[in-house]
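In order, the protein sequence lines correspond to chains U and F.
In case it helps, our numbering puts the first sequence at residues 16 to 275.
In case it helps, our numbering puts the second sequence at residues 967 to 1160.
Since the hints were made in silico from the structure, they are not lab data.
All values derive from a computational prediction rather than experimental measurement.
Glycine included, C-beta positions come from ideal geometry on N, C-alpha and C.
Derived SDA-like pairs (lysine to any residue); straight-line CA-CA distance at most 25 Å:
#1 1074(F) <-> 171(U)
#2 1074(F) <-> 162(U)
#3 1074(F) <-> 224(U)
#4 1074(F) <-> 1119(F)
Cβ-Cβ distance ranges computed for the label pairs, FRET-style:
#5 1113(F) <-> 254(U): 57 to 65 Å
#6 1033(F) <-> 94(U): 29 to 37 Å
#7 982(F) <-> 182(U): 18 to 26 Å
#8 1041(F) <-> 238(U): 38 to 46 Å
#9 140(U) <-> 1083(F): 50 to 58 Å
#10 1115(F) <-> 175(U): 27 to 35 Å
#11 1154(F) <-> 95(U): 38 to 46 Å
#12 222(U) <-> 1154(F): 45 to 53 Å
#13 977(F) <-> 103(U): 44 to 52 Å
#14 175(U) <-> 1007(F): 18 to 26 Å
#15 1130(F) <-> 227(U): 24 to 32 Å
#16 186(U) <-> 1084(F): 31 to 39 Å
#17 1084(F) <-> 31(U): 48 to 56 Å
#18 1054(F) <-> 182(U): 25 to 33 Å
So the derived list for chain F, only partly shown, Cβ under 10 Å to chain U, looks like this:
#19 1034
#20 1035
#21 1038
#22 1039
#23 1043
#24 1048
#25 1055
#26 1056
#27 1058
#28 1077
#29 1091
#30 1094
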Amino acid sequence: MTLDPPLDTLFLIPFLTGLPLVMLLPLLGTLLRLREEWLATLGLAHLAGASGLAGMAVGLPVIQGAPLGALLGAAIKSRAGGGNSVYAVMILLGWTLTLLIAANTALGDALAHAVVDGQLYFAGSRELIAAVLVGALGLAALPWLTPRLIRAHLFPQHEIANRLPAWRWHFGFDLLVALAIAVGTATLGLMATFALVFLPAWIAFRRAPNWRRGNWLSAGIGVVSYLLAFAVALWLDQPFGPVLVAVLAISFSISLMLRR
Amino acid sequence: MTVSPLLTLDHLVAGYEQPLTAPCSLRLHRGEVVGLHGPNGVGKSTLLNALAGGARIHAGNLERAPDLRLRHLPQRPLRPAEAPLSGHDLLRCMAAESVQPPPRLAAKLNTRIDRLSGGEYQLLCLWTCLGGDADLVLLDEPTNNLDREHTDLAAEEIAAERESRATIVVSHDADFLQQVCTRIIYVVSRGAEP
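One chain only, chain U, in its complex shape (with noise of 0.2 Å):
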């Protein structure tokens, strides 16, 4: 087989499709690790896997059902005020419910198995606009966001003493979170998406000197780890999903070796 992976064209769709994301998730980690919220994310992509595939049960496409989950899952966090409680709630509510809907449609474990794992391969038109929307959408808002959001972290008595309509960047945050996370769950699966949220934020947070250059040092670890893992997983036969987790583990491990 002659394949040249990024662009052969039975690939290209589902390649640009992984861009946005891989671009937008890791610098909505470094504002999720700010926060403390990261547990956050998985809590979200579990409830976007199982409502992804609850949607599947009744012919919806996984990009149509996951984002429900998630948009529920950013109202109990904002019902609820976050808390790791919480987020370990979302979890073990979301693995339930996937397995629950698994066994008990016509889909089958293997189908939930894929929502888990991911099926970028599969992406097709729908899935490149939803990401592509997603990216834009997360681009335009975060440098508005992103100063509200850390100084609500670290003077959170500014909001009140100032009268700030503060629930619009917090909850506007959690919304672009969960819609990220429910098309990253739908296309890149349930851990990548969680690991892109996570590890290079980790890696930003030890080793940039400011917030702007953790934010190109946390998008870039996305960005070359998904152009190393596509190719790899096409080149080796491998699941895209597993692939991708371990080339950002690698790179972690790479950064803790690296000296300050």
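We have chain U already, so just place chain F on it with the hints.
Showing chain F alone in chain U's frame:
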């Protein structure tokens, strides 16, 4: 022409679940630096929090000038254990870059905040309040973690920015209050008021 006060407290009693402070009345104008001094536990920080909206007003009135821009330095500013945030990042987020910081602080603005000393971080947080365009600045124990040299620097900066705003300072350091304040209010415990 009478200049309206930025803040008016009329027999204000602050607290959380229960009232904690004795009634306090005050009219605060631009250019004033008012110190709140008194023994531990009388509710100086609670009073400051009530002015910033973080504590409950149980009795009395609080009037703020319309569109009042306020900065509040809490007693223990939050500091993440690890974060790629420099001093510049912090000042940018707090819109506190309009005034040139003092040279000793300016030299540290490229350093990550998790790598600053306690005193340097305290000075940076103080500058997030003083370096912007706030009308009213509330400072709760601004000399925490500061050595003598940094304390003098903090006093200089509060004095330098005095005319452009009103400031309320809570401190256990009577010398510091004498150094920076235009007047000092001695806060007594609830029930001990005259």
